[in-house]
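Given the sequences, and given the hints that come with them, work out the whole structure.
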Amino acid sequence: MIAAGNPAVATNVGRPLAGGRRFSLDWIGVVPFLAYAGLFLLLPSTIIALGAFVNADGAFTLENYQHLSRSYVVKSTVDTTVISAVTAVAGAILGALLSYAIVMGSPNGVLRRLVVSASGVLAQFGGVTLAFAFIASIGPAGFVYLFAQAHGFDYYTHGIWLFERTGLGLVYLYFQIPLMVLVFLPALDGIKPQWREATESLGGNTWHYWRHVAGPLLFPAFLGATLLLFANAFSAYATANALINQGQPMLSQQIGGALSSEVGAFEPGFAKAIAVEMIVIVTLVTVLYSLLQRRTSRWL
Amino acid sequence: MKLGSLTRHLGVAALAWLLVAACGGSSGGGSASCSASAVKTATSASACGGLDALTAAAKAEGKLNVIALPRDWANYGAILDAFAAKYGITITSDNPDGSSQNEVDAVKQLSTTSRAPDVLDVGMAVALANTNLFAPYKVATWGDILDTQKESTGLWFQDYGGFMSIGYDSAKVPTITSIDDLKGAAFKGKVALNGNPKQANAALNGVMMASIANGGSLDDISKGVSFFKDLKKAGTFVPVQATTATVKNGTTPVVFDWDYLSAAHGKDVPTWKVFVPSSAILGGYYAQAINKNAPHPAAARLWEEYLYSDEGQNLWLKGLARPVRQAAMEKSGKIDKTAAAALPPVNGTPKFMSDAQATKAKDYLVANWDAAIA
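So the sequences go chain by chain: V and L.
Read in the numbering used here, the first sequence has 997 at position 248, and its numbers run on one by one without any break.
Read in the numbering used here, the second sequence has 312 at position 176, and its numbers run on one by one without any break.
Think of the hints as simulated: they come from the structure by calculation, not from any bench.
It should be emphasised that the depicted structure is a prediction, and the values quoted were computed from it without experimental measurement.
Please note: incorrect hints may appear among the correct ones.
To be verified - With a straight-line Cα cutoff of 20 Å, these simulated EDC-like cross-link-like pairs (lysine to aspartate or glutamate) come out:
id, chain 1, residue 1, chain 2, residue 2
1, L, 487, L, 355
2, L, 324, V, 903
3, L, 369, V, 913
4, V, 824, V, 1016
5, L, 368, V, 828
6, L, 496, V, 1016
7, L, 384, L, 305
8, L, 496, V, 1011
9, L, 244, L, 233
10, L, 286, L, 446
11, L, 368, V, 913
12, L, 244, V, 1011
13, L, 467, L, 283
14, L, 365, V, 913
15, L, 308, L, 404
16, L, 324, V, 913
17, L, 308, V, 903
18, L, 487, L, 356
19, L, 454, L, 217
20, V, 824, L, 499
Structure representation (structure tokens):
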């Protein structure tokens, strides 16, 4: 998915290796990739999809898939998709603006090095640690909140939104923006200042430059990165679980619940069915992405 | 056929007579021995020559494997040390922070190896689902355990437990004297559960307690769900997972949890208090079981005898867990009165969910909890 969104990789399809017409060994190069994709992507997906057709007694059943219509799963599906989409788009826009600001500066400057290394760390800073960092700072007993409250600014008058979807979105942005910086920076680096000069010498203004030169060049990379951010939020688990443990809004939490229940709600087949649902949603989004990609690359 | 069956019966009868005779002899002198092969199937100490013979056999084994016993949980650290010192038996304590399911998995995976756990301390759901892995055994104090708290042949027997409670930081919220107090404005944004009731046993019992206090029963958890629904609507119930960290930093100053676990927060928060509502006293106990393939069968049995002795029971009590023989020991005067006085006060008759009632509650929660809380 990342590779598809990155023009540098997309255009990097190698020439066939030297060889006769009859004995083409070109395919050997792709074997490691196919083996990797088969072992780590197709095989687990197949095991999960088939496992969801099996009930507790090992017999064939459609029940696990039928259970996907349970009201709480439907609600989780909507919540997960909305939260993932909102944080992906917001993260992509803010991350792109931040990347642009960095690119405008010195390529070896302190700011750039600082932001890039910080992004590398923060993009991986998720889970319980991140959730608790927010709880301890802006949470209802956090020092930021207590300070704000003491100075007449109580931001929880309408309920503790940190433990609602709003709060979850905010916390997700904390790792979405750095991830966007990491994946979008190389694309921005590929834009040459000469192109802007060329636009200007041909009489174009800033709008023309963005509309006809930089925009179309960057848009596929931007879309690809947004898709990556969507999948990133879609599959996150620990952060959401530490923050919103009741009425679990994320599908990954519903899987966790069905797998770890010690009170008897242990439904491994159902958990697999939810996993298949997640795979289907991400696939749909990816298809949507490639359709858009095809359309945008026509402008080039 | 008939004759064969008759001789077999006679044989069994003769064997039983011999066994009884052996027991009779041993109880006085203590000179009888407990062989390595006999102890594997011994269903009580007296069935293997009495406690002295069992002790000798356990010392000969010299080792005991335990699993999933955190040193700071129900005073297990002190219990393990005391047992090791008293009998000179080396204890291997595996995976101290594991769950009940981990314990059962270890029994299955390590099967007959010398590293397999000898004894288990598991939640009731796991105990009931895995009786085929256990060896039946009755401790000397078997009679003190209520019939509802043990499997009749001794495959499992409850050890310690407590009551569902509301723990709170008295410096942050007013004193709680009934569950309905939580509806007050002072509790806005402060009430949490220890876990999700669809998954965690403690949280399910928290909802059940709220149900009983609000006109529900052990067969009807729905009143508890609507109680939390109202609290959520009022902004009182927060969906964050309550942990030691959230209690310590004050994010969750009111938490539904087992009283003996809640009382442990007193270490971090000196103003922490534990309240057990007299209108809804809901109990929950863990259970002991012996692995039928225990690599150290005599030490495993001696461990159980020690846990259920007055000494072992009082050690649990010091860890704020209520030992299963507490009532009997109060009667006999053997209870550690200082430790008992430190427990949160409970006035009334406790209720216990049956397996069927727990399943019914779980089914209702799976279908309704998320919608009620979201």
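Please name the hints from earlier in the document that this structure breaks, with their numbers sorted from lowest to highest.
-> none
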